[in-house]
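Trainee: The sequence shown maps to residues 368 to 473 in the working numbering.
Hint data in this document are derived by calculation from the structure and do not stem from the laboratory.
Check before you lean on any hint, since a few could be wrong.
Computed cross-link-like contacts, DSS-like style, restricted to lysine-lysine with a CA-CA straight-line distance of at most 25 Å [claimed, not checked]:
1) K419 - K442
2) K419 - K396
3) K419 - K429
4) K442 - K429
Derived Cβ-Cβ restraints for the label pairs, each shown as a range [claimed, not checked]:
5) K419 - L441: 30 to 36 Å
6) F424 - E370: 32 to 38 Å
7) I469 - P418: 18 to 24 Å
8) L401 - D426: 29 to 35 Å
9) D426 - Q460: 17 to 23 Å
10) Q460 - E370: 40 to 46 Å
11) I389 - G410: 21 to 27 Å
12) G422 - G449: 20 to 26 Å
13) K439 - E468: 18 to 24 Å
14) D453 - R427: 45 to 51 Å
15) D467 - K396: 31 to 37 Å
16) E437 - Q460: 41 to 47 Å
17) V432 - P452: 15 to 21 Å
For glycine and all other residues, C-beta sits at the position ideal for the given N, C-alpha and C.
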Amino acid sequence: LREPRYIREVSANFYQYNNSWIIIPRGMKVSVSLDGENWDDFGVARSGTDPKQRGHFIDRFKIRVEEQQEVKYLKLFIENYGKLPDWHEASGQDSWIFIDEIFLQR
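Let the hints inform the model, and build the full structure from the sequences given.
Mentor: Okay, here's the thing in structure tokens:
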């Protein structure tokens, strides 16, 4: 961010199309900072999406806190699904993460 701002929510869209090895991640953790050196945990979101679900779709991960926090820097840690499981045609290959937009709300 160019200037510090107060936020209460961070969300991000993830795309799944498992035919192309793109699987919704297992989770997302967000850390925030005012100076880029000292970081605080903002929160964690876990996936409830079935990796076997066929077709194209988007799932939004959302982390909301009770009180607004002043932030200038964000770090997103995305937990990849990992190797494609036995039921997948490409079992054992690495899965992909496709992230769309990151939203900040007051």
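Trainee: Against each hint, give a clear statement of whether it holds in the structure.
Mentor: Now for the hints, and whether the structure bears them out:
Taken as a hint, the K419 and K442 pair is broken in the structure, with Cα atoms around 29 Å apart against an allowance of 25 Å. Between K419 and K396, the direct Cα distance comes to roughly 23 Å. Compliance with the 25 Å bound is thereby established for this hinted pair. Note on K419 and K429: the hinted pairing holds, with a Cα-Cα distance of about 22 Å set against a maximum of 25 Å. Proximity of K442 to K429 is assessed by CA-CA distance (about 14 Å); at most 25 Å being required, the pair is judged to hold.
About 31 Å separates the C-beta atoms of K419 and L441, a value consistent with the hinted range of 30 to 36 Å. Hint check: F424 to E370, Cβ distance near 35 Å, so the stated range 32 to 38 Å holds. Restraint check, I469 to P418: a C-beta distance of roughly 22 Å satisfies the suggested window 18 to 24 Å. In this structure the supplied range 29 to 35 Å holds for L401 paired with D426, their Cβ-Cβ distance being about 30 Å.
About 21 Å separates the C-beta atoms of D426 and Q460, a value consistent with the hinted range of 17 to 23 Å. For the pair Q460 and E370, the supplied restraint of 40 to 46 Å holds, since their beta-carbon distance comes to about 43 Å. Hint check: I389 to G410, Cβ distance near 25 Å, so the stated range 21 to 27 Å holds. About 21 Å separates the C-beta atoms of G422 and G449, a value consistent with the hinted range of 20 to 26 Å.
Take K439 and E468: their Cβ atoms lie about 19 Å apart, and the range 18 to 24 Å holds. For D453 and R427, the hinted distance range of 45 to 51 Å is not satisfied, since their beta carbons lie about 29 Å from each other. Here the CB-CB span from D467 to K396 is close to 18 Å, at odds with the stated 31 to 37 Å. Distance hint check for E437 and Q460: the Cβ-Cβ separation is about 42 Å, which falls inside the suggested range of 41 to 47 Å.
Roughly 34 Å separates the CB atoms of V432 and P452, a value that falls outside the hinted 15 to 21 Å.
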